[in-house]
Amino acid sequence: MAHHTEISHHAPEEEHPTTTGINNRKLLMWVFLSSDCLFFGSLIATYMVYRGQSLVGPYPVDIIDVPITTISTFVLLCSSFAMVRALAATNEDRQGAIIFWLLMTAFLGAIFIGFQVYEFNLFKTEGLRIDTNLFGTTFFTLTGFHGAHVTLGIVWLLGLAWVAKKGRVGPKTALDVELAGLYWHFVDIVWIVIFTLLYLIGGFDTGPAGDPSLVPHSITGFLGLI
Amino acid sequence: MSSDPGVHESRHPTLKQYVGIAIFLFVVTLIEFVIILPVDFRGAGWTIAPLAILSAIKFAAVIFFYMHLKFDNRLLTWVFLGGLALGFAVVFALVALFLSWTPSPRSYAAEHAQPCTFDHEYVCAQYKPAPTPLPTPTPEGGAAPTQVPAPDDASVNDSGELVAVGQQIFLTGQGEGTATGCYTCHTIAGLEGAAGLLGPDLTNIGAEAGNRQPGVTADDYLRQSITEPEGFVAEGVERAVPGLMLMALTSGLTENDVDALVAFLKEQQ
Numbered sequence: 001m002a003h004h005t006e007i008s009h010h011a012p013e014e015e016h017p018t019t020t021g022i023n024n025r026k027l028l029m030w031v032f033l034s035s036d037c038l039f040f041g042s043l044i045a046t047y048m049v050y051r052g053q054s055l056v057g058p059y060p061v062d063i064i065d066v067p068i069t070t071i072s073t074f075v076l077l078c079s080s081f082a083m084v085r086a087l088a089a090t091n092e093d094r095q096g097a098i099i100f101w102l103l104m105t106a107f108l109g110a111i112f113i114g115f116q117v118y119e120f121n122l123f124k125t126e127g128l129r130i131d132t133n134l135f136g137t138t139f140f141t142l143t144g145f146h147g148a149h150v151t152l153g154i155v156w157l158l159g160l161a162w163v164a165k166k167g168r169v170g171p172k173t174a175l176d177v178e179l180a181g182l183y184w185h186f187v188d189i190v191w192i193v194i195f196t197l198l199y200l201i202g203g204f205d206t207g208p209a210g211d212p213s214l215v216p217h218s219i220t221g222f223l224g225l226i
Numbered sequence: 001m002s003s004d005p006g007v008h009e010s011r012h013p014t015l016k017q018y019v020g021i022a023i024f025l026f027v028v029t030l031i032e033f034v035i036i037l038p039v040d041f042r043g044a045g046w047t048i049a050p051l052a053i054l055s056a057i058k059f060a061a062v063i064f065f066y067m068h069l070k071f072d073n074r075l076l077t078w079v080f081l082g083g084l085a086l087g088f089a090v091v092f093a094l095v096a097l098f099l100s101w102t103p104s105p106r107s108y109a110a111e112h113a114q115p116c117t118f119d120h121e122y123v124c125a126q127y128k129p130a131p132t133p134l135p136t137p138t139p140e141g142g143a144a145p146t147q148v149p150a151p152d153d154a155s156v157n158d159s160g161e162l163v164a165v166g167q168q169i170f171l172t173g174q175g176e177g178t179a180t181g182c183y184t185c186h187t188i189a190g191l192e193g194a195a196g197l198l199g200p201d202l203t204n205i206g207a208e209a210g211n212r213q214p215g216v217t218a219d220d221y222l223r224q225s226i227t228e229p230e231g232f233v234a235e236g237v238e239r240a241v242p243g244l245m246l247m248a249l250t251s252g253l254t255e256n257d258v259d260a261l262v263a264f265l266k267e268q269q
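In order, the protein sequences belong to chains A and B. This note's numbering numbers the first residue of the first sequence as 1 and each following residue consecutively. This note's numbering numbers the first residue of the second sequence as 1 and each following residue consecutively.
All the pointers check out, no bait thrown in.
Estimated spans, in silico, between C-beta atoms of each pair: (1) A/G96 with B/L86: 38 to 44 Å; (2) A/E92 with B/Y108: 58 to 64 Å; (3) B/R74 with A/T125: 46 to 52 Å; (4) B/L37 with A/Y118: 21 to 27 Å; (5) B/G45 with A/G96: 50 to 56 Å; (6) B/V27 with A/G114: 20 to 26 Å; (7) B/V19 with A/F32: 28 to 34 Å; (8) A/G21 with B/L15: 27 to 33 Å.
No farther apart than 25 Å at their CA atoms in a straight line, the calculated lysine to aspartate or glutamate pairs in the DMTMM-like style are these: (9) A/K165 with A/E92; (10) A/K124 with A/D65; (11) B/K16 with A/E92; (12) A/K124 with A/D205; (13) A/K26 with A/E92; (14) A/K26 with A/D36; (15) B/K70 with A/E92; (16) B/K70 with A/D36; (17) B/K70 with A/D93; (18) A/K165 with A/D93; (19) A/K166 with A/E92; (20) A/K166 with A/D93; (21) B/K16 with A/D93; (22) A/K26 with B/D72; (23) B/K16 with B/D72; (24) A/K26 with A/D93.
By construction, these hints were calculated from the structure, which means they are not laboratory data. Glycine included, C-beta positions come from ideal geometry on N, C-alpha and C.
If we strip away everything but chain A, and leave its shape as in the complex, we get:
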């Protein structure tokens, strides 16, 4: 991005014409996101195919905590809103606001990751590791890759905030922020799907009922949190 200068944000950006009429970087971003749908699609398919096929516990109902994850889902949704504000501030050339909203987006993303680290750790102490059963393998692979996407997004946003601090982000370079935003929102929608599938729908899957002297029992942790 050598052509970014500090001299003027308002000079019209030199954009060379393209056959599609779309800026090439933007098209590339969308093509990448489109291909990422396939990436997550195959991980989701794997989760679905192995759903209910684990041979040992813990099974989803033993371990999935929907209320906590609902909170972290809210946090990620809020971060998308912050991202939108960052782009608006960029278009309006409000320098302080650009930095604030970029950092806010990264911060909310970091909280989401914090929840995930907490969850993974808890699962580990509760006996579910990536090699415990098919549920563990497919769950950690899918949510782990999503977490990696969020982490990459945080690094990207922090980088942008750093550049913005030097005064190099403004209407002229709004595309830089817009592309980061596209990536960030995409990560959010992937989570919308994962949350619904792995938590709201698959989170109550049980293993085989065992010994008749063991009785079914509600997950008190679930209600206790409300």
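Go by the hints and put chain B onto chain A.
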């Protein structure tokens, strides 16, 4: 293409619209959460369709507004929806190939899967050991339950046995008939598994039941609370929310089940 900020901006939603979308996403997520709140709805097959539709709506709101696909070159929409459709096709094809539309185990897992046994406070919670046959005798209640003959029940001689059956029904919802497990909503201190927080605490219900309604004995009060829960609502009792304990939850119980539950609850003093 001009990237004059003014022109560029007019293609984006306004701040007000963005706030509206944020609130919308928030509310839809809340609705999804509420759908799976009742114990019986969790994991129920019918919840899949509404949950899938709600999340598809959220998905669309984010890509069309936050990612402003709606305002951008049409080609981008096709590029993205193309990948999305392929992704869906992959999921669909694999699931169809393995016939795994439901989470039921296929033959290998059906033969080899073992119940969860990991011993941890929360884990494997649905397979807690069966409760001990008798609740611990309470000091105030006087004699231990086994020593008190059932006053007005001829069919079962041993009231201790009746109490134990009642406890079993309370903790599992399974008697001769079935009901929604009482433990999901009611707490009885000292009884493992009974820690629900939606209905009144029943720890001392045996002592209190006689004073709830003037002229109604403890026995009748408890019986009516179970068989006609909508009949009256305890007044001045914490978490006595009307409309939660519904007839449908208990109508599957038989006469004997109710007798056992009443006997069990009377012991909670």
